[in-house]
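Modelling step: build the complete structure from the supplied sequences, incorporating the hints.
As they're listed, the protein sequences go chains B and D. Once you know that position 264 of the first sequence is 264 in our numbering, the rest is easy, because the numbers rise by one and skip nothing. Once you know that position 5 of the second sequence is 5 in our numbering, the rest is easy, because the numbers rise by one and skip nothing.
Read the hints as simulated data drawn from the structure, not as lab findings.
To be clear about the criterion: a stretch of chain B counts as covered by chain D if any three or more of its residues have a C-beta under 8 Å from a C-beta of chain D, and this derived list gives those stretches:
(1) 204-215
(2) 330-339
(3) 438-451
Keep in mind the model is a prediction, meaning the values are calculated, not measured. We put the beta carbon where it would ideally sit given N, CA and C, even for glycine.
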Amino acid sequence: MQLSNRNKGRIGATLCLVTANLFSTTGLVQAQEVQNAFDEPATNGPGNIIMDGAVMYYRENNSRIQAIEPMASYTDYADNGDIFSIKLTADSLSGASPFGATPWIAPQNFLSPTSVTISGDDGSTGASGGVVVTDPVTQMKILQTTAKANELPLNPGFQDTRGAANLSYTKALASRTRVTFNLNGSIERDYQSYSGGASIAQDFNNKTTTISVGVNYQHDLSKRLYGTPTPFAVMTGVFTDGTKSENIVSATAGITQVITRNWLVQLNYSYERATGYQNNPYKVISVLDPVTGAPQRYLYEARPDKRTRNAVYIGSKLAVGSFVTNLSARYYHDSWGINSITANASEHIPIGTRGYIEPGVRYYHQSSADFFNYFLLSNAALPQFASADNRLDKFNAITASIKGGYMLNDQIELYAMADYYSQTKAGTKGLLPGNNGSLNLFAGVKAISVMTGVKYRF
Amino acid sequence: MKKIIPFCCLAGLTILLTACSTVAPWERDVTARKSMQLTKNANFAAINDHIYYSKEGSTGGRSTDGGGCGCN
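Here's what the structure looks like:
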């Protein structure tokens with residue numbers, strides 16, 4: 001069929017009207033009906049009580065860390081708009097983890113304080129897989145372990161548990177103003193963390209704009225068995241420093257904006273200032289022969305006692321029908337020289353009338369800390385700070401994830417997720433001195449995590 | 001100065017988007033959905049935050065929640 005110029009004009013005008021309608025201020029898609037249980041309004045309105053229980057399993061490659069983490073929460077949405085919640089979490093960790101020493105072509109011996117039994121009640125992180133000796137002067141028990149040749153040395157067989165509690169109370173001051181107070185505590189055998197915070201959220205523009213401001217104070221205690229090692233002290237397994245602490249003050253400001261009926265965005269800025277002990281008492285750095293690369297000794301790491309972090313986060317959620325596209329990005333900078341970018345994308349896909357799945361991908365890249373180094377050389381003067389902790393290295397990380405949920409009825413939701421996480425070295429590969437370039441210094445991790453849970457609304 | 005530029009761009013973008021919003025109170029049915037909550041599942045978010053906190057050098061941005069760990 002041939003179209004006349006007049007018909008072409010009419011069709012063009014009609015298309016314009018349709019397009020304008022689709023992108024009108026009422027949203028990208030016109031009047032949407034509830035087709036899936038997750039299209040229903042969130043059930044966090046007044047008069048509801050929600051109990052939520054889940055368990056997570058985490059496992060790293062090469063028999064490194066594995067963890068089981070059960071968690072349970074209770075949230076009461078009172079009729080007057082107040083919200084009270086409590087959450088309890090437990091962690092059980094075991095396995096081995098890199099502690100900064102470089103691999104070498106011959107076996108290496110390491111010393112660390114230990115309790116005799118794996119699950120001792122003396123405040124230690126237990127360890128196994130080596131020989132325990134008692135220091136004749138201090139009477140401290142010292143574990144001697146041997147790392148195999150050509151392999152990245154790992155802290156063998158450590159075992160630890162953690163318990164954490166979070167309390168939160170939100171008070172509705174007016175229909176558009178809410179204040180929230182929270183308390184958090186986390187206790188491990190060798191580490192304790194306590195924090196408290198307050199935030200206020202104010203709605204504007206017919207509740208399409210929410211501005212929130214929050215502050216938080218955190219106090220951490222590092223109390224490895226027998227104390228903490230002196231920075232740059234030679235690894236002997238004997239510690240002379242006691243329990244150390246750090247204080248962290250943080251603040252966040254955010255704005256959440258409903259852009260159209262189907263689209264909302266969130267922008268946050270966070271600032272954090274940490275002072276005090278920020279070493280990891282388990283981490284060492286190898287001192288190598290500058291010609292052969294052979295390890296001469298191992299020194300406990302030394303980090304600055306101040307750290308300032310800044311982060312900007314932007315997130316977007318866009319609904320098209322019952323589908324929701326989630327996008328977010330974060331830019332991070334800290335005073336140790338680490339810059340990072342994070343990008344997240346996922347798609348909420350309705351399944352039938354009661355379920356959904358949400359495949360997603362996350363990309364992360366960070367630069368290394370200014371004082372990060374795989375090793376020090378024995379013929380060079382000690383720097384002011386040095387750490388070989390792989391978390392301060394330059395690397396990329398990719399996460400592939402799948403999440404899902406299913407509403408059994410109006411009150412019970414079953415949910416699950418599975419993640420695969422992989423770190424890869426970014427930039428120039430670190431090389432040992434001498435002819436040992438095949439030894440891999442990068443201690444990045446690959447891990448899987450799975451979680452399943454159930455949410456019940458009274 | 002270079003570090004401030006991205007912050008200013010994002011803040012400006014948000015203010016611009018705020019000014020564009022004409023959504024009436026009775027049109028917020030979609031953003032009220034379960035699937036549109038900023039934290040759709042608190043446990044998913046908590047687990048991811050914990051794993052990334054213990055394996056990466058960066059933290060923050062999304063919330064002020066504290067409660068760290070001495071993660072090995």
